[in-house]
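Could you put together the complete structure from these sequences and hints?
If you use mature numbering (1 follows the signal peptide of the UniProt record, and there is no 0), the sequence shown corresponds to residues -23 to -1, 1 to 394, in order.
Hints may be right or wrong, so weigh each one.
[Unchecked claim] Cut-off 25 Å, straight-line C-alpha distance, at most; resulting in silico cross-link-like pairs (SDA-like, lysine to any residue):
#1 LYS301 with GLU191
#2 LYS314 with ALA237
#3 LYS74 with ASN86
#4 LYS304 with GLU276
#5 LYS394 with GLN335
#6 LYS197 with HIS140
#7 LYS143 with PRO121
#8 LYS301 with ALA274
#9 LYS143 with GLY79
#10 LYS255 with SER389
#11 LYS162 with THR120
#12 LYS304 with ARG236
#13 LYS74 with ALA127
#14 LYS304 with GLY152
#15 LYS230 with PRO249
#16 LYS132 with SER160
#17 LYS197 with ASP50
#18 LYS37 with LEU214
#19 LYS111 with GLU203
[What the hints assert, rightly or not] Pair ranges (Cβ atoms, derived):
#20 ARG168 with LEU30: 25 to 33 Å
#21 GLY245 with THR390: 22 to 30 Å
#22 GLU77 with THR170: 32 to 40 Å
#23 GLN148 with THR170: 35 to 43 Å
#24 PHE115 with GLN173: 39 to 47 Å
#25 GLY79 with TYR370: 40 to 48 Å
#26 SER182 with ALA114: 46 to 54 Å
#27 ALA371 with GLY245: 34 to 42 Å
Derived by calculation from the structure, the hints in this document are not laboratory data.
Keep in mind it's a predicted model, so treat the numbers as computed, not measured.
Beta carbons: idealized from backbone N, C-alpha and C, even for Gly.
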Amino acid sequence: MKYPFHALSLLLLAACNPAPKQADQAKQADQQAAKTTDAATFQQDENFLHNHLGNLVTLKSPDDSSMVLVAGDYQARVMTSSAGGYHGKSYGWLNHKLIESGKYNPHINAYGGEERFWLGPEGGQYALFFPKGKPFAFENWQTPGLIDTAVFDLKDQSSTAVHYYKEGTLQNYAGADFQVGISRKITLLNRATLTQQLGFTLPQSIASVAYRTENTLTNKGKNTWEESTGLLSIWLLGMFTPSDKTVIVVPFKAGANARAAIHDDYFGKIPPGYLQVKDSLLLMKANGLKRGKVGLAPEIAIPMAGSVDTESGAITLVLFSINKNGKYVNSKWEQQKEPYKGDVVNCYNDGPLEDGSQIGPFYELESSSDARPLAPGHSLTYSQTTVHLEGSYATMDSLAQRLWHMSIQDISTVFPK
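As structure tokens, this is what we get:
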């Protein structure tokens, strides 16, 4: 099952018994996760969002049934998409209760959406999510308003693309201020462009939706951003609906020291029942029942991460770029020895916090740009493509073997019941 790195590069060119209270919390989380598996249609989610938001744009392909819904009120995030038109499956996870409330939450407003714009680092001495001098604990964690509650301004749109912009100021844990400009363009891709990016032609029987986001971060201040006071990276995160049939699959460059470049202790060590490393594949449960995060360093990362519904065969992919010589911010919640030795790709499975509450449930696929010392007026641009693929189980199984050299059936048995 070893995956040859050069082949994939070509392919992607172009326990203890719980206390009663804990048991009750786990049962409630399980019930909530079960509710999320009843997938809504794109039209249902579009109607819901129109009832509660303005500044929404739906992109539609003239060639097939692919659609994408973007919310400017939520920082130009892609809320959801469909490969089957209005009646197709809605791929993004939406936090209906929070959206309906119209209220702001402490720590984070997890509205959902299958790709949102954030900035890193999250933790460490140059953190954007912790105030100076406070311990790196959840009660002190706060998503900056610019990337949590700010409304982005619509600059331009067409039937298949939309462009938003926003300026604002951030301060990091070290006390450094950043005046930034954020440009975000979302483009619905046609089949030909998707073929170019994948490096091969999909069977006609596979329905698809694919979109690329082009994200530009500009230094709007008067001083150059320096390593000694903190740099910023573009961080793209997608929230998707969890299920006990969903498995995250991330290929990587195998080697003698590869395991050391896989970081699985962001929120405590992830147990084998939720994370497995098989030769050149990382596999992680995405059931929304146990909180855990894993990341891959740029020296072993391959520019792809994904997930598969082992029941239906549906596959999700995120495709991105890697700067092998770049500096990647470290987002771990601690004082760091190496703040620029972070990860390029991360995966997150949501679950209950220590007090039994839960943000989701959802799971995430994430990628990050490198961080650069930008002079005034200079910019960093980073793009990511998200792809959803649907077809018969047999066809999707063949695709999984082409992508990962592992069948869906074999993936489904990695985490036995």
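Against the structure shown, which of the earlier numbered hints fail to hold, in ascending order?
-> none
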